[in-house]
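Given the sequences, and given the hints that come with them, work out the whole structure.
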Amino acid sequence: MKEQNHQESQKASLHLGEEMEDTITLQLDDGEIECGIIASFPLEGKDYVALLPLQTPEGFAEEEVFLYAYTRDGDDFELIDILDDEEFDKVADFFDELLDDAAFNEQSL
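Numbering (my numbering), first residue to last: 934 to 1042.
Hints in this document: simulated from the structure, not taken from any laboratory.
All residues carry an ideal CB built from backbone N, CA and C; glycine is no exception.
Any given hint could turn out to be false.
Computed list of lysine to any residue pairs in SDA-like fashion (alpha-carbon distance at most 25 Å, straight line) [stated by the list, open to error]: (1) Lys1023 / Glu1011; (2) Lys979 / Leu1032; (3) Lys1023 / Ala1002; (4) Lys979 / Ile957; (5) Lys1023 / Leu985; (6) Lys979 / Arg1005; (7) Lys979 / Thr956; (8) Lys979 / Asp1018; (9) Lys1023 / Ile1013; (10) Lys979 / Asp1014; (11) Lys1023 / Glu977; (12) Lys979 / Asp1017; (13) Lys979 / Asp1006; (14) Lys979 / Glu1030; (15) Lys979 / Leu961; (16) Lys1023 / Glu997; (17) Lys979 / Glu1011; (18) Lys979 / Gln960; (19) Lys1023 / Glu996; (20) Lys979 / Glu967; (21) Lys1023 / Ala994; (22) Lys979 / Ile1013.
Quick list of simulated restraints, FRET-style, between CB atoms [claimed, not checked]: (23) Leu1016 / Glu996: 21 to 29 Å; (24) Glu965 / Asp1034: 28 to 36 Å; (25) Glu1020 / Gln960: 19 to 27 Å; (26) Glu965 / Ala1036: 25 to 33 Å; (27) Asp955 / Ile1013: 17 to 25 Å; (28) Glu1011 / Asp962: 18 to 26 Å; (29) Pro975 / Asn1038: 18 to 26 Å; (30) Asn1038 / Asp1014: 28 to 36 Å.
Written out as structure tokens, the structure reads:
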């Protein structure tokens, strides 16, 4: 499993510390929120994305990241809620590994 995660992390695109030019607008129950795309990565045959709200929505923690599966067909980009708890935990753990690797690599410079 670690080898597969390593291979998938090689295909990950992490956009930390960059100006978030790529944004997406989410429809929440109480309105819209614009988010920057901070990471996209494959995991176990599916594609995922990590989104960071540009302004903290009411009721959410500051710098809370939203994780979604997604599909892309040409210019069409569709976010898919991760409803399965086990799948969400795997995605969250993998995203945490990406952050840890980025922090380690930054310290190594």
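Okay, the hints, checked on the actual structure:
1. Note on Lys1023 and Glu1011: the hinted pairing holds, with a Cα-Cα distance of about 21 Å set against a maximum of 25 Å.
2. A hinted pair counts as satisfied when its Cα atoms are at most 25 Å apart, and Lys979 with Leu1032 qualifies at roughly 19 Å.
3. Distance hint between Lys1023 and Ala1002 is fulfilled; the C-alpha atoms sit about 12 Å from each other, no more than 25 Å.
4. For the proposed pair Lys979 and Ile957, the alpha carbon gap of about 19 Å is at most 25 Å, so the pair holds.
5. With a C-alpha separation of about 19 Å, the suggested pairing of Lys1023 with Leu985 holds against the 25 Å cut-off.
6. Of the supplied pair hints, the one linking Lys979 and Arg1005 holds, its CA atoms being roughly 11 Å apart against a limit of 25 Å.
7. Distance hint between Lys979 and Thr956 is fulfilled; the C-alpha atoms sit about 21 Å from each other, no more than 25 Å.
8. Restraint check for Lys979 and Asp1018: satisfied, since their Cα atoms lie roughly 16 Å apart, inside the 25 Å limit.
9. Distance restraint check for Lys1023 and Ile1013: the Cα-Cα separation of roughly 16 Å lies within the 25 Å cut-off, and the hinted pair is therefore satisfied.
10. In summary, the hint linking Lys979 to Asp1014 is supported, as the alpha carbons are separated by about 13 Å, within the 25 Å threshold.
11. Note on Lys1023 and Glu977: the hinted pairing holds, with a Cα-Cα distance of about 10 Å set against a maximum of 25 Å.
12. Straight-line distance between C-alpha atoms of Lys979 and Asp1017 comes to about 14 Å, which keeps the hinted pair within the 25 Å bound.
13. Only pairs whose Cα atoms come within 25 Å are accepted, and Lys979 paired with Asp1006 is accepted, the gap being roughly 14 Å.
14. Using a Cα cut-off of 25 Å, the hinted pair Lys979 and Glu1030 holds, with the two alpha carbons roughly 17 Å apart.
15. Proximity of Lys979 to Leu961 is assessed by CA-CA distance (about 24 Å); at most 25 Å being required, the pair is judged to hold.
16. This hinted pair checks out: Lys1023 and Glu997 have alpha carbons roughly 17 Å apart, not beyond 25 Å.
17. Distance restraint check for Lys979 and Glu1011: the Cα-Cα separation of roughly 13 Å lies within the 25 Å cut-off, and the hinted pair is therefore satisfied.
18. Using a Cα cut-off of 25 Å, the hinted pair Lys979 and Gln960 holds, with the two alpha carbons roughly 23 Å apart.
19. A hinted pair counts as satisfied when its Cα atoms are at most 25 Å apart, and Lys1023 with Glu996 qualifies at roughly 20 Å.
20. For the hint linking Lys979 to Glu967, the alpha-carbon distance of about 24 Å falls within 25 Å, and the restraint holds.
21. At most 25 Å may separate the alpha-carbon atoms for a hinted pair to count; Lys1023 and Ala994 meet this at roughly 21 Å.
22. Our distance criterion of 25 Å between C-alpha atoms is met by Lys979 and Ile1013, whose separation comes to about 11 Å.
23. Distance hint check for Leu1016 and Glu996: the Cβ-Cβ separation is about 24 Å, which falls inside the suggested range of 21 to 29 Å.
24. Range check, Glu965 to Asp1034: Cβ separation about 32 Å, and the 28 to 36 Å hint holds.
25. Our hint of 19 to 27 Å for Glu1020 and Gln960 holds, since their Cβ atoms are close to 22 Å apart.
26. Taken as a hint, the range 25 to 33 Å holds for the pair Glu965 and Ala1036, whose Cβ atoms sit roughly 31 Å apart.
27. Hint check: Asp955 to Ile1013, Cβ distance near 18 Å, so the stated range 17 to 25 Å holds.
28. The beta-carbon spacing between Glu1011 and Asp962, approximately 19 Å, falls within the hinted interval of 18 to 26 Å.
29. At roughly 20 Å, the beta carbons of Pro975 and Asn1038 sit within the given window of 18 to 26 Å.
30. Between Asn1038 and Asp1014 the CB atoms are about 31 Å apart, so this pair conforms to the stated range of 28 to 36 Å.
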